[in-house]
Structure formats: C-alpha cells, structure tokens
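Peer 1: Chains as they are written, first to last, in our numbering: chain B, 280 to 567; chain V, -12 to 288.
Because the hints were derived from the structure by calculation, they are not lab data. Be aware that a few hints might be false.
[Unchecked claim] If the Cβ cut is set under 8 Å, some of the chain B residues that face chain V in the computed set are:
hint: 1; residue: Thr372
hint: 2; residue: Ala422
hint: 3; residue: Ala464
hint: 4; residue: Ser467
hint: 5; residue: Ala471
[Claimed, not checked] Derived lysine to aspartate or glutamate pairs resembling DMTMM-like cross-links, with alpha carbons at most 20 Å apart:
hint: 6; chain 1: V; residue 1: Lys101; chain 2: V; residue 2: Asp252
hint: 7; chain 1: B; residue 1: Lys313; chain 2: B; residue 2: Asp325
hint: 8; chain 1: B; residue 1: Lys378; chain 2: V; residue 2: Glu271
hint: 9; chain 1: B; residue 1: Lys553; chain 2: B; residue 2: Glu353
hint: 10; chain 1: B; residue 1: Lys526; chain 2: V; residue 2: Glu123
hint: 11; chain 1: V; residue 1: Lys97; chain 2: V; residue 2: Glu136
hint: 12; chain 1: V; residue 1: Lys97; chain 2: B; residue 2: Asp474
hint: 13; chain 1: V; residue 1: Lys141; chain 2: B; residue 2: Asp475
hint: 14; chain 1: V; residue 1: Lys101; chain 2: B; residue 2: Asp475
hint: 15; chain 1: V; residue 1: Lys74; chain 2: V; residue 2: Asp21
hint: 16; chain 1: V; residue 1: Lys261; chain 2: B; residue 2: Asp433
hint: 17; chain 1: V; residue 1: Lys97; chain 2: B; residue 2: Asp475
hint: 18; chain 1: B; residue 1: Lys550; chain 2: B; residue 2: Glu353
hint: 19; chain 1: B; residue 1: Lys313; chain 2: B; residue 2: Asp343
hint: 20; chain 1: B; residue 1: Lys540; chain 2: B; residue 2: Glu529
hint: 21; chain 1: B; residue 1: Lys375; chain 2: V; residue 2: Asp189
hint: 22; chain 1: B; residue 1: Lys440; chain 2: B; residue 2: Asp474
hint: 23; chain 1: B; residue 1: Lys476; chain 2: V; residue 2: Glu136
hint: 24; chain 1: V; residue 1: Lys(-5); chain 2: V; residue 2: Asp189
hint: 25; chain 1: V; residue 1: Lys141; chain 2: B; residue 2: Asp474
hint: 26; chain 1: B; residue 1: Lys323; chain 2: B; residue 2: Glu346
hint: 27; chain 1: V; residue 1: Lys261; chain 2: B; residue 2: Asp475
hint: 28; chain 1: B; residue 1: Lys540; chain 2: V; residue 2: Glu123
hint: 29; chain 1: V; residue 1: Lys261; chain 2: B; residue 2: Asp474
hint: 30; chain 1: B; residue 1: Lys375; chain 2: V; residue 2: Glu180
hint: 31; chain 1: V; residue 1: Lys97; chain 2: V; residue 2: Glu32
hint: 32; chain 1: B; residue 1: Lys553; chain 2: B; residue 2: Glu327
hint: 33; chain 1: B; residue 1: Lys476; chain 2: B; residue 2: Asp501
hint: 34; chain 1: V; residue 1: Lys261; chain 2: V; residue 2: Glu245
hint: 35; chain 1: B; residue 1: Lys476; chain 2: B; residue 2: Asp433
hint: 36; chain 1: V; residue 1: Lys74; chain 2: V; residue 2: Glu43
hint: 37; chain 1: B; residue 1: Lys550; chain 2: B; residue 2: Asp343
hint: 38; chain 1: B; residue 1: Lys553; chain 2: B; residue 2: Asp343
hint: 39; chain 1: B; residue 1: Lys476; chain 2: V; residue 2: Asp252
hint: 40; chain 1: V; residue 1: Lys97; chain 2: V; residue 2: Asp252
For each residue, glycine too, the CB sits at the ideal point set by N, CA and C.
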Amino acid sequence: MSWFKRENADLTSAPAPEGEDAERRVRTDGLWVKCLGCRQAIWKADLEANLNVCPKCGYHFGMDAQERVASLLEPGYELVDQGLRSTDPLNFTDIKPYKLRLEQGRRQTGLDDAILNAVGDLGPIPVVLSVMEYAFAGGSMGAVVGETIARAVDRSLAGRKPLIIVTASGGARMQEGIVSLLQMAKISSGLAQMDDKRIPYICVLTHPTYGGVTASFAMLGDLNVAEPGALIGFAGPRVIEQTIRQKLPEGFQRSEFLLEKGFLDAVMSRKELKQYLIRALEFMQVPA
Amino acid sequence: MSEEQAGKPLPAAVAAAWERVERARHPQRPYPMDLIGRIFTDFSEIHGDRRFGDDEAVACGMARLAMPGGTTQEVLVIGIRKGGTTKEKVRRNFGMPNPEGYRKALRSMKLAEKFNRPVIAIIDVTAAYPGIGAEERGQGEAIARNLLEMSRLKVPTISVITGEGGSGGALGLAVADRVLILESAVYSVIPPEGAAAIMWRDAGQKQFAAAALRITAPEVADLGCVDGIVPEPAGGIYTDPEAGAIVLGDTIRRHLAELQAMPLDQLIATRRNKFRNLAQFYTETPPQPRQTSPEEASSRV
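Could you put together the complete structure from these sequences and hints?
Peer 2: Here's what the structure looks like:
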C-alpha cells in the first residue's frame, strides 16, 4: 500500500521544440551523470577529475583506453603498435556484416581495434602497457587484439621491461571464429617466455573481463589485480543460469568474490592502483 | 531442427556445414576412450588434481604405443570422457570438464615431462563446464595455466580433435606441437547454438551460425589453425571405427617419430613460433604517415 496515489496517467515529457526554439533550449545533457552505484547526481567534471570514480560512493565507472594510459603513465609516453586492422578472415555476417561493426567501432573509439599499446614510465619504472578498449566491439579479442598484445609481450621480452595489461573484454571475438580462439594460445605462449626470463607481468582486471580473456592472459599475471566491483569470470552469468537453471548468488563473479576464492592478489581502487603497481614492480626488479 | 525452417530448405552451404556438426556429434561416433583403447595398450589411469578432486570428464593415464620397428613407446594419454549411456553421461558431466579436469591434465603432463614421455591428448568436448562451482574454483585460471604450461612443456605433444573441439575447453588441452583434427570433426570458438543465441538472438539459427563460423576441419585447416586433417573411412568414422582408429594411430606414430627426431630446444622453439605466428589476419598501415602528422598523434592521446 502506498501513501500517495497518482491520479493521472504517467507524466509525459514536453514535446521536443522545433526549428529555432531547439537552439534556445538549455542543454544540461552531459553535464551531470547519475551514479550507477549510489544513484546520486554527480557533476561530470568532478567525476572526470576523480578518474571516473564516484566521489560520493566510490563506484568505478568505465574508463576508455586512452584515459587509462594517461592515468597510469607519466607524460611523454608513446602510443605504439597502431594501424593494425582486421581482414575479417571469415567474411562474417550475422544480422549485420562484421565489417560494418568494425567501422562503427573505429568511429566510436578513434582506435583501429579494441586495444592500445603504449611504452612509457610508470612512476620511475619504464614499462610496456597494453590496454583493452571495451567500447570497441565489447573489447573482444580477435586477430588484431591478439597480435597487438603479442607485440607488447615481444617489446617486454626485447627490452626486459615489465608488462602491464589492463583487461576489459567480453572474451574472444565470435566474428573471427577459431582465429580469435587461437589468440589465447598466442599470448599465453609469449607470457611463458616472460616467466622463463623472470620479466614481471601484472594484469589489471577491470569491468568486465570474461571468456577467452579470463581463460588466458587475465589469469596469468605474476600478480592479478582488479578494480572494485568488476565482473570477472569464464562463463557469462546468463550462460550459467541457463545451464544450471538457478538464480546466481548476490555478488557472484565480482572482484571481491574472486578475491575471496583466491584468484586475485588484490582489489585496488583506481586511485591506489598506480602506487600499488609501482610498489609491486619494485619488488619484482631482479638484479641484473 | 527449428520449426520455421522445417518448411524452407536451407542453402546448400548451410546444410553441408550443419551436416558436419551432426557428424561430429553422431551418437555412434567413437569417443576418445574408444579410440585410445584401439590405438594404445596397457592404459593405466591416474586420478585427481591433488587440489580439489577428480574430474570424471577427463581421463589421464599411462599407456603404450607400438612403434614401427617393433619398439614400444611409453606415453601419457589424455582423453575426454563423454559417456555412452545416460547414467554414464551424467557421471561424466556430458564430457564437460571442471577446473579439476584441466588441473589433473596439467599434473599428468608435468609427470610425463619429468620422465620424458610424450603427451597425446584425444579431444571431443562440447565446452568447459559453465557452472557455479567451476567459476568458484577458477575455470578460467585452470585453462589459462594449461595454455601457458603446454607451450613450454619439455616433451613432444600431439593433440587430436576427434569430434567437437569446443572453444577454450578444447584449447586447454591443445597447445601442442601437432594439432590434428579428424575429417568430420569441428573446432570452434563457440558452439553454433550459443553463437545463434548471442549473435542472431535466435537459437533456431544454429545452422546459419555453424556455416558462418567456419568450424569444419577443412575450413579450420585453411585458416591455418590446425596442423593436419586425419582422414576418416568413407561415410564417417562411426561406420568403421576400427579402420578409423588404424589411420589415426598411424598418423600419431608418424608425427611422434618426427617430433622425437628434433632436439628439445628446437622442438620448443618451433612450437612457440607456430603459436606466435598463426592466425594473423590483419593489415598494417606503415607507421610513417602517423609520425609525420604530430597533430593527429597528439589528438589520439
């Protein structure tokens, strides 16, 4: 039973102004953001100044690959390994041609695919950084993402520099079929060489990280660190629910759940992440 | 199978692709353990991952392989167990391994490495099991660890996909010196049903998904994602499992002899290079133009 009753039908918004009036309308769009965690309104500039973390409740909003690189590396870093584009090896079409999806991804993100490599300094330490871009086809891993990360591994091996990969991905890119599956093996065998040569590799898992990314490099760091509240898993929640025909428990596949189960070394807020990484790399510096 | 398609015939290519899937899943198709029984002798199973439990969907064991010239080779064999009867299928979790299965396989492979025995994996798996327990115990980590460790295992390794090569569930046992696939088997990043449900938003489109994903043995080989196709008897291996097993056994012997002739360093370097360089489907624009326009470069930062 509610205290108040709405007598009229649902409220409708005012009709969109036409012609010249449209320009006179005050545009608040984009200045305020509603927090998905605490549901409060946040001024967008505050949010951006705070690394896309809600200043009120600490909810971590997504961050694009370029912001991520800038948030971790000192100014003067260099973006590398760009210009790779998928050839659409299966000539794939579902309800929409894959080539169109690629174009759309490029337009929306300004990247050639869902990955961005950079070399630069993390604090005082020269590193290779590879960041996945979720806004490009759900961060999915096809031949270009696989090759780009493999090149980051090659750079680490060649320069004996620590590698940091920031994941955000739905998994393997279905539109590239078996080609995308084998990228998992490509990257993992490179990481085995880094392990042999005792070159540090740290994986930073962000929301969301799934499928073939979890089942390869995301779980293979010397340290695996996640942002708070990120969903991380092998199978997606819907697939599991359909398989077992039960509701999933609260908090299932969140970072904190994985920490409890022993699959993460730490859950770090975005503000503390950089210091933690620097501290870890100092520990891992092997005397030459 | 979907009702609305029963009326109109499928395009020929789609029907052909789906027929391959049905062959790969044919109920009479010999399962890995049938083939292992026909090809190897003295199979002695070893159980458990020493961490949590024993996965009944994955069998690992010591076995012997008769080699040309009358010698016998000790090998470590891994096979997926799908189970035949319904009761057996339930016991084997329909051949869908949990993390323990991958960890048991890795423990067995490490054992083989210690005693310098080649590893042969016979794979027919729909998928790694997507369940709550599997997630809690790190399905992703278990598969990932196998990819990494298999890439540097210090013994010859051969993996054969004999039915369904189901995504990470298969790849977790297939980072090998030689990855072979039976003629009517399939190797896919996702089962056609799953792809149809996700990408077409209609599980009834599975035949179209099967065709679009290019999962049949010849297509996967054309993409350079396996090292060879093993022919089956005309009409499929289920029409004559014995003959099929003889061909497969001889193929395994031939590859094994080649691998054993290689020095260890070369073996591992060759394996690494193969996985580093396969599945490269991209174009590359030379970096020079980007460097000549600093404005563009800085706008991307």
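Peer 1: Run every hint past the structure and note whether it holds.
Peer 2: Now for the hints, and whether the structure bears them out:
1. Thr372: 7 Å, holds
2. Ala422: 4 Å, holds
3. Ala464: At about 5 Å, which falls below the 8 Å cut-off, the nearest Cβ of chain V leaves the hint on B:Ala464 intact, so it holds.
4. Ser467: Nearest chain V Cβ about 4 Å off; hint holds.
5. Ala471: 5 Å, holds
6. V:Lys101 x V:Asp252: 16 Å, holds
7. B:Lys313 x B:Asp325: 12 Å, holds
8. B:Lys378 x V:Glu271: 16 Å, holds
9. B:Lys553 x B:Glu353: Roughly 11 Å separates the two Cα atoms, so the pair holds.
10. B:Lys526 x V:Glu123: 15 Å, holds
11. V:Lys97 x V:Glu136: 9 Å, holds
12. V:Lys97 x B:Asp474: 17 Å, holds
13. V:Lys141 x B:Asp475: Between V:Lys141 and B:Asp475 the Cα gap is close to 13 Å, so the pair holds against 20 Å.
14. V:Lys101 x B:Asp475: 17 Å, holds
15. V:Lys74 x V:Asp21: At roughly 18 Å apart (the allowed maximum being 20 Å), V:Asp21 and V:Lys74 satisfy the hint.
16. V:Lys261 x B:Asp433: 15 Å, holds
17. V:Lys97 x B:Asp475: 16 Å, holds
18. B:Lys550 x B:Glu353: 15 Å, holds
19. B:Lys313 x B:Asp343: 18 Å, holds
20. B:Lys540 x B:Glu529: 15 Å, holds
21. B:Lys375 x V:Asp189: Holds, at roughly 14 Å.
22. B:Lys440 x B:Asp474: 12 Å, holds
23. B:Lys476 x V:Glu136: Holds, because 14 Å separates the two Cα atoms, which is no more than 20 Å.
24. V:Lys(-5) x V:Asp189: OK: V:Lys(-5) and V:Asp189 at ~17 Å, within 20 Å.
25. V:Lys141 x B:Asp474: Holds: V:Lys141 and B:Asp474 sit about 15 Å apart, inside 20 Å.
26. B:Lys323 x B:Glu346: Status holds; Cα separation ~15 Å.
27. V:Lys261 x B:Asp475: Roughly 18 Å separates the two Cα atoms, so the pair holds.
28. B:Lys540 x V:Glu123: Within the cut-off at roughly 6 Å; holds.
29. V:Lys261 x B:Asp474: 19 Å, holds
30. B:Lys375 x V:Glu180: 18 Å, holds
31. V:Lys97 x V:Glu32: Holds, at roughly 15 Å.
32. B:Lys553 x B:Glu327: 17 Å, holds
33. B:Lys476 x B:Asp501: 13 Å, holds
34. V:Lys261 x V:Glu245: 16 Å, holds
35. B:Lys476 x B:Asp433: It holds: about 12 Å lies between the C-alpha atoms, which stays within 20 Å.
36. V:Lys74 x V:Glu43: Roughly 13 Å separates the two Cα atoms, so the pair holds.
37. B:Lys550 x B:Asp343: 16 Å, holds
38. B:Lys553 x B:Asp343: 17 Å, holds
39. B:Lys476 x V:Asp252: OK: B:Lys476 and V:Asp252 at ~15 Å, within 20 Å.
40. V:Lys97 x V:Asp252: It holds: about 17 Å lies between the C-alpha atoms, which stays within 20 Å.
Against the hints set out earlier in the document, no violation occurs for any number.
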